[in-house]
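Participant: Given chain R, put chains H, W and Z in place with the hints provided.
Just so you know, the sequences run in chain order R, H, W and Z. Take 1003 as the starting number for the first sequence in our numbering and just add one per residue. Take 1003 as the starting number for the second sequence in our numbering and just add one per residue. Take 1003 as the starting number for the third sequence in our numbering and just add one per residue. Take 1003 as the starting number for the fourth sequence in our numbering and just add one per residue.
Be aware that one or more of the hints could be misleading.
Same chains, same label: a pair holds when it works inside one copy or across any pair of copies.
Claimed, not checked - Below, in silico cross-link-like pairs of lysine-lysine (BS3-like), each with a Cα-Cα straight-line distance of 30 Å or less: (1) Lys1041 / Lys1093; (2) Lys1105 / Lys1093; (3) Lys1007 / Lys1029; (4) Lys1093 / Lys1103; (5) Lys1007 / Lys1041; (6) Lys1029 / Lys1093; (7) Lys1029 / Lys1103; (8) Lys1105 / Lys1041; (9) Lys1093 / Lys1007.
Quick caveat, the hints were computed from the structure, so don't treat them as lab data. None of the values given here were measured: they were computed from a predicted structure.
Number of protein chains: 4
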Amino acid sequence: MSELKFTVQSLEERLAVGPFNRWLGFKVLHMSQDSLELKATWREDWVVNPDRRYTHGGILAAIIDVAADYAIAIHLGRPVPTIDIRVDYHKAAMPGDLVAKAKVIRHGSQYSTAEAFVYDTQGALVASGRGTYFTAPPAPAKVASA
Amino acid sequence: MSELKFTVQSLEERLAVGPFNRWLGFKVLHMSQDSLELKATWREDWVVNPDRRYTHGGILAAIIDVAADYAIAIHLGRPVPTIDIRVDYHKAAMPGDLVAKAKVIRHGSQYSTAEAFVYDTQGALVASGRGTYFTAPPAPAKVASA
Amino acid sequence: MSELKFTVQSLEERLAVGPFNRWLGFKVLHMSQDSLELKATWREDWVVNPDRRYTHGGILAAIIDVAADYAIAIHLGRPVPTIDIRVDYHKAAMPGDLVAKAKVIRHGSQYSTAEAFVYDTQGALVASGRGTYFTAPPAPAKVASA
Amino acid sequence: MSELKFTVQSLEERLAVGPFNRWLGFKVLHMSQDSLELKATWREDWVVNPDRRYTHGGILAAIIDVAADYAIAIHLGRPVPTIDIRVDYHKAAMPGDLVAKAKVIRHGSQYSTAEAFVYDTQGALVASGRGTYFTAPPAPAKVASA
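Just chain R, with the same shape it has in the complex (with noise of 0.2 Å):
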């Protein structure tokens, strides 16, 4: 019914307008109506553990933020304000590019919620999670941190 608001070069111009999500590397691998598949580029500045070298925990809460809200954003025209996220851990992400998947779980007028799932270069998901995003028509003046 409701036609894609991006391409996906506009799509990834999009993303690249904010420093961190330019930090994080990301590409877009795929996107339809309702799910985005996108790439973040490693970089070793993602290292929690020196020893081990896995990824932070906050970097895969942010690509899982951001996913879902781009997955959100292709059928809404913009990014939205996350509203709250909650992100499970399930392994270890070794040093290498993450792939997350984001599907919408539900639109909604005021608020929205999406679901993301992070997979390593051998295709293991490391980690996986929802928001819940505002997705209330912008007022001319709104406070969000998405």
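Facilitator: Just chains H, W and Z now, kept in the frame of chain R:
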């Protein structure tokens, strides 16, 4: 009953071991049995929205995870793997250092729960959340992502 | 600044309007601006495990949701739709009434966050959690599930 | 690879052991390795709002917790203690039986994650969520609240 397993200095050193926690610029402001106050040092890379310049929700999630985790570490003598976290976003975090106040909700022999509240430089609450941590004695080889 | 929108008696009456809250046997123990203490009255139907006889996690989730919701209601004058909740289980809740202590974390014009801690008759913490509630002014026809 | 540890009949019997699950009227509609479909049988006591007569969010949380837990039980041979849950409310659940579809997200030796989606009799999604469960081998004396 039990004593602190870290001093302010040794906790700060432990935090600085990993690249991402170093990148977040943590300083220990205060610690006691079961509570911890950390400062994270703002950097331009944290910004998600270049116009309004507020901090990315993933950064706030990382700060909450670390503060809650290390509130447990004070008691246990080591940071622990994060099982899952929830983060609520209350207000846009404008440029400036952030202070996280964390507290253990319950110590368990297998898993423990801790919460953290994040404040901006004006003392306004910008985000809060809680995490569950895996606190069973470490096995020979353990995967996790704190 | 703002005054309480309920008395102990009117809040108890409001709680008793719905069959399930009546079934949970809520009594108001204490209330103030932004905090609420409720008692839920134990019944055999709550039991999940007939040998050990502890209370079902779903009952604890319901108590947390109601306590957090009504902590907001004190301020707002009406219970509000729940957007989402998180519940942490800390300890088996053995037969006996349960006391929930709830507090508003942040009042917002669109959505608000509150938390609740549930204690058994010995005062031990058995569960805790937090919820996000939809606090925008009610529209002509609104669907929700608080 | 591994076989089912329950049949539809033995799982239904296991569910009916506890008073609260009996009160929720669970029927097993479908089960496979790692997935489970349950029906909960509506009763007037579920209602939170006597005018609009929708079901209390605590009931939906209980259904999600049980469905996710027993999706793990199919694999493990026993229900497991719930560590924590998150529940998102999508739509008012009007009077009528509810169907929960649950799936294991990750099996772990210490803790596992599963999710569930709850639908009304028209097939509309009314709530969804996920839980973390304690799946370490049972110790001699274990406290928990699934």
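Participant: Given a CA cutoff of 30 Å, do Lys1105 and Lys1093 count as a within-copy pair, a between-copy pair, both, or neither?
Facilitator: So Lys1105 and Lys1093 pass the 30 Å test inside a copy (21 Å) and across (18 Å) alike.
Participant: Between Lys1029 and Lys1093, at a C-alpha cutoff of 30 Å, which is it: within one copy, between copies, both, or neither?
Facilitator: both (23 Å within a copy, 28 Å between copies)
Participant: Using 30 Å as the alpha carbon limit, work out where Lys1007 and Lys1029 are close: within a copy, between copies, both or neither.
Facilitator: So Lys1007 and Lys1029 pass the 30 Å test inside one copy only (17 Å; across, 43 Å).
Participant: At 30 Å max between alpha carbons, let me know whether Lys1105 reaches Lys1041 within a copy, between copies, both or neither.
Facilitator: both (15 Å within a copy, 25 Å between copies)
Participant: Is it within a copy, between copies, both, or neither that the alpha carbon of Lys1029 lies no farther than 30 Å from that of Lys1103?
Facilitator: Classified as within; 12 Å inside a copy, 33 Å across copies.
Participant: Are the CA atoms of Lys1093 and Lys1103 at most 30 Å apart within a copy, between copies, both, or neither?
Facilitator: both (16 Å within a copy, 25 Å between copies)
Participant: Given a CA cutoff of 30 Å, do Lys1041 and Lys1093 count as a within-copy pair, a between-copy pair, both, or neither?
Facilitator: both (18 Å within a copy, 28 Å between copies)
Participant: At 30 Å max between alpha carbons, let me know whether Lys1007 reaches Lys1041 within a copy, between copies, both or neither.
Facilitator: Classified as within: same-chain Cα gap 20 Å, cross-chain 38 Å, threshold 30 Å.
Participant: Is it within a copy, between copies, both, or neither that the alpha carbon of Lys1093 lies no farther than 30 Å from that of Lys1007?
Facilitator: Only across copies: Lys1093 and Lys1007 sit 26 Å apart there, 34 Å inside one copy, limit 30 Å.
Every hint, counting from the list given before, is met by this structure.
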